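Asks: Sequence:
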Amino acid sequence: MKKEYETFSKQIFLVVFILFAMVITLSFSFLIVLYQYQIIDSKVFWGSTFFIILLFSFLVYVFEHKIMLPYLRKINKFKKFKDGLIYEELFEEDYQIVPELQEVLQRLHNMLDKQSAIKISTKQAEYLALQNQINPHFLYNTLDAIRGDALCAGKEDIANITEALSKFFRYTITETENLVTLESEIENVENYFAIQEYRFGEKLKIVFNLPEKQQDILQLKIPKLTLQPIIENAIFHGLEKKSNAGVVVLDFELSDTKFYISIKDDGVGIPEDKLEELNAKLERVSVSYVNDDRGKSGGIALKNVCRRIKLLFGEEYGIHVYSLPGMGTDVRITIPNIHSEGSRS
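This note's numbering numbers the first residue of the sequence shown as 1 and each following residue consecutively.
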């Protein structure tokens, strides 16, 4: 391959050199004819000859240093990139001579950034799982023991909440795959809400409005831990501040290519200025940057949920928030329509 590059480069240089030589030869021949017929004197002849030689030298220099050598450097970097020896320098080059190549390289750079972000996101998920599961079986066994004692003592409510807590932790801190079924996400939300109901009593209520004609909707794939962090936001930033009971309603809508999830609450709502700021941040979320927002909304903040959606599916998907102060908040999630087998509609 290297010999082919060198041969091709030499051929280009030779062709251009021959073209320059032909132009110079014709120009010089024309001067000789003019001089022989005494149309120009000797001073003009030698001055023109010197100018032509100077121009030829300048053109050769420009071609070699501004076109040929940069071209050879780019070819060399492409070869190193193919061999895995170079990365950033390839994308820092200017390819104005071939704008299509510039566009292709930019797309490649974006793809590599996205792959890197996915790796970082996966590593973070694995790290969080390892950090939180120092000995998960100890936690599960302890909760199961508490549940057994509660059942023996006739405390069915304590047994139920302990079981919900065990399932919630098991789902949250194990299995770091990106996509799960909607059914799994809803089951996790139900366990989480059972824990919150034990804390708040009848003050909280949750409703799932699943389309009757689309029962297979439960088998659609969505990013893991998409619903629970948003519902947690609804409780702590909307419903908990209410003096009376509150409700969270989940609606699901399916189109040919997209899946829409709406999470509404009748809480205190969000002021207009803060709502605009929040949506602006969600719009600016970049797939190339993965933030670690542990400690917010159960470990996964709203921005990170939006970022993971964009990371997995593209910039056209994500989250948008609608809200009216005193009326409540509606968080709209848009993701592609993906069936359990992994194919998009």
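Be aware that one or more of the hints could be misleading.
Said to hold, decoys possible - For lysine to aspartate or glutamate, the following EDC-like pairs were computed, each having C-alpha atoms within a straight-line distance of at most 16 Å:
1) 205 x 216
2) 213 x 283
3) 281 x 315
4) 213 x 253
5) 43 x 64
6) 303 x 283
7) 167 x 144
Said to hold, decoys possible - Here are the in silico distance ranges between beta carbons for each label pair:
8) 148 x 324: 19 to 29 Å
9) 260 x 200: 23 to 33 Å
10) 283 x 145: 45 to 55 Å
11) 61 x 30: 16 to 26 Å
12) 61 x 27: 12 to 22 Å
13) 60 x 283: 25 to 35 Å
14) 27 x 65: 18 to 28 Å
These are computed hints drawn from the structure, not numbers from a lab.
Everything numeric in this text was worked out from a predicted model, so none of it was measured.
Cβ atoms here follow ideal geometry from the backbone N, Cα and C, with glycine treated the same way.
Asks: Would you mind marking each hint as holding or not holding in the structure?
Replies: Hint check:
Of the supplied pair hints, the one linking residue 205 and residue 216 is violated, its CA atoms being roughly 25 Å apart against a limit of 16 Å. A distance of roughly 33 Å separates the Cα atoms of residue 213 and residue 283; the hinted pair therefore is violated under the 16 Å criterion. Distance check on the hinted pair: residue 281 and residue 315 sit about 14 Å apart at the alpha-carbon level, within 16 Å; holds. A C-alpha spacing of about 11 Å is found between residue 213 and residue 253, which places the hinted pair at or below 16 Å, so the restraint holds.
A distance of roughly 31 Å separates the Cα atoms of residue 43 and residue 64; the hinted pair therefore is violated under the 16 Å criterion. Between residue 303 and residue 283 the CA atoms are separated by roughly 10 Å; this keeps the pair inside 16 Å, and the hint holds. Taken as a hint, the residue 167 and residue 144 pair is honoured in the structure, with Cα atoms around 10 Å apart against an allowance of 16 Å. A beta carbon spacing of about 47 Å between residue 148 and residue 324 contradicts the range 19 to 29 Å that was offered as a hint.
Residue 260 and residue 200 have their C-beta atoms about 28 Å apart, which keeps the hinted 23 to 33 Å range intact. Between residue 283 and residue 145, the C-beta spacing of about 48 Å keeps the proposed range 45 to 55 Å intact. For the pair residue 61 and residue 30, the beta carbons lie near 24 Å from each other, so the given range of 16 to 26 Å is met. Against the hinted window of 12 to 22 Å, the Cβ-Cβ separation of residue 61 and residue 27 comes to about 18 Å, which satisfies the hint.
Between residue 60 and residue 283 the beta carbon distance is about 53 Å. The supplied range of 25 to 35 Å is therefore violated. Between residue 27 and residue 65, the C-beta spacing of about 23 Å keeps the proposed range 18 to 28 Å intact.
In this structure, the hints that do not hold are numbers 1, 2, 5, 8, 13, in rising order.
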